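Colleague: Protein chains in written order, with numbering that gives the first Met the number 0: chain U, 0 to 138; chain C, 0 to 76.
Hints are computed from structural coordinates only; laboratory data are not their basis. Bear in mind the structure is a predicted one, so any value in this text is a computation, not a measurement. A few of these clues could be false.
[Unchecked claim] Cut-off 30 Å, straight-line C-alpha distance, at most; resulting in silico cross-link-like pairs (DSS-like, lysine-lysine):
no., chain 1, residue 1, chain 2, residue 2
1, U, K77, C, K9
2, C, K5, U, K5
3, U, K77, U, K5
4, U, K77, U, K65
5, U, K71, U, K5
6, C, K9, U, K71
7, U, K65, U, K5
8, U, K71, C, K5
9, C, K5, U, K65
10, C, K9, U, K5
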Amino acid sequence: MSFEEKGTWVYLVVNVVTYAAYLSIILGRAENIPLTEVSYVSTMLWTIGIAIALSIVGHIAVAIAKPGEADKRDVRDKDINRFGEYFGGIVLAVGMLVPFGLAMAEVDHVWIANAIYLAFVLSALTGSVVKIVAYRRGF
Amino acid sequence: MGRPTKVTNKIRALRFANAEMTQAELADRIGVTRQTIIAIEQGRYSPSLEMAFQIARAFNVSLDDVFQYPDSEGETP
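If we strip away everything but chain U, and leave its shape as in the complex, we get (with noise of 0.2 Å):
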């Protein structure tokens, strides 16, 4: 496995590991009050920077386990990144129609900041698995 498709499942799991954080956190407060009413946005904002500092932290471990591979990044390498992120650009782009449509409809913030964030996730998580199966099924 090439230093940069490990880096691609560090990015995966951390998005995926950390946005079932905020949810099961912001659900978990959800319990007894509506969800408008929920304090999300320091949960995000951290969230957020947590799974920047993870994708940091776990790339820099990559790199660590095997040195002679950091940094090693060829031509397929970069075709595979600019496959996964046009597919990933697909997804941001639908996706952000949702937050459009509820700001036009004056929905209360919390919902369009989530569809948002979600759209984000979701931009993400697909870029890196059209990456890997590119890795692993040809491309």
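Knowing the structure of chain U, use the given hints to seat chain C on it.
Modeller: Positioned in the frame of chain U, the structure of chain C alone reads:
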């Protein structure tokens, strides 16, 4: 998903014919990762024309001696 490319190659045979060159050695010669050489050998990645020439040059053979492409649909070279 089927084979992503119809291009076939003889890289594996050529490596063995050239002093049993390893995938890592070939990768170093043309400046790619070993995983890319594995993917090309297995038909999971179609290299660029430039990379194809570099591979052929590493074995001192012509492009046709390394890569083959079927004449028509379903026909094997």
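Colleague: Determine for every hint whether it applies to the structure shown.
Modeller: Tested hints:
Pair hint U/K77 plus C/K9 holds up; C-alpha atoms about 25 Å apart against a cutoff of 30 Å. A C-alpha spacing of about 28 Å is found between C/K5 and U/K5, which places the hinted pair at or below 30 Å, so the restraint holds. As the CA atoms of U/K77 and U/K5 are separated by approximately 14 Å, the hinted pair is consistent with the 30 Å bound. As the CA atoms of U/K77 and U/K65 are separated by approximately 20 Å, the hinted pair is consistent with the 30 Å bound.
At roughly 12 Å between alpha-carbon atoms, U/K71 and U/K5 fall within 30 Å of each other, so this suggested pair holds. At most 30 Å may separate the alpha-carbon atoms for a hinted pair to count; C/K9 and U/K71 meet this at roughly 25 Å. Distance check on the hinted pair: U/K65 and U/K5 sit about 11 Å apart at the alpha-carbon level, within 30 Å; holds. Distance restraint check for U/K71 and C/K5: the Cα-Cα separation of roughly 28 Å lies within the 30 Å cut-off, and the hinted pair is therefore satisfied.
Distance restraint check for C/K5 and U/K65: the Cα-Cα separation of roughly 34 Å exceeds the 30 Å cut-off, and the hinted pair is therefore not satisfied. Restraint check: the Cα-Cα separation between C/K9 and U/K5 comes to about 29 Å, which is no more than 30 Å; the hinted pair holds.
The structure is inconsistent with hint 9 alone, although it conforms to all the rest.
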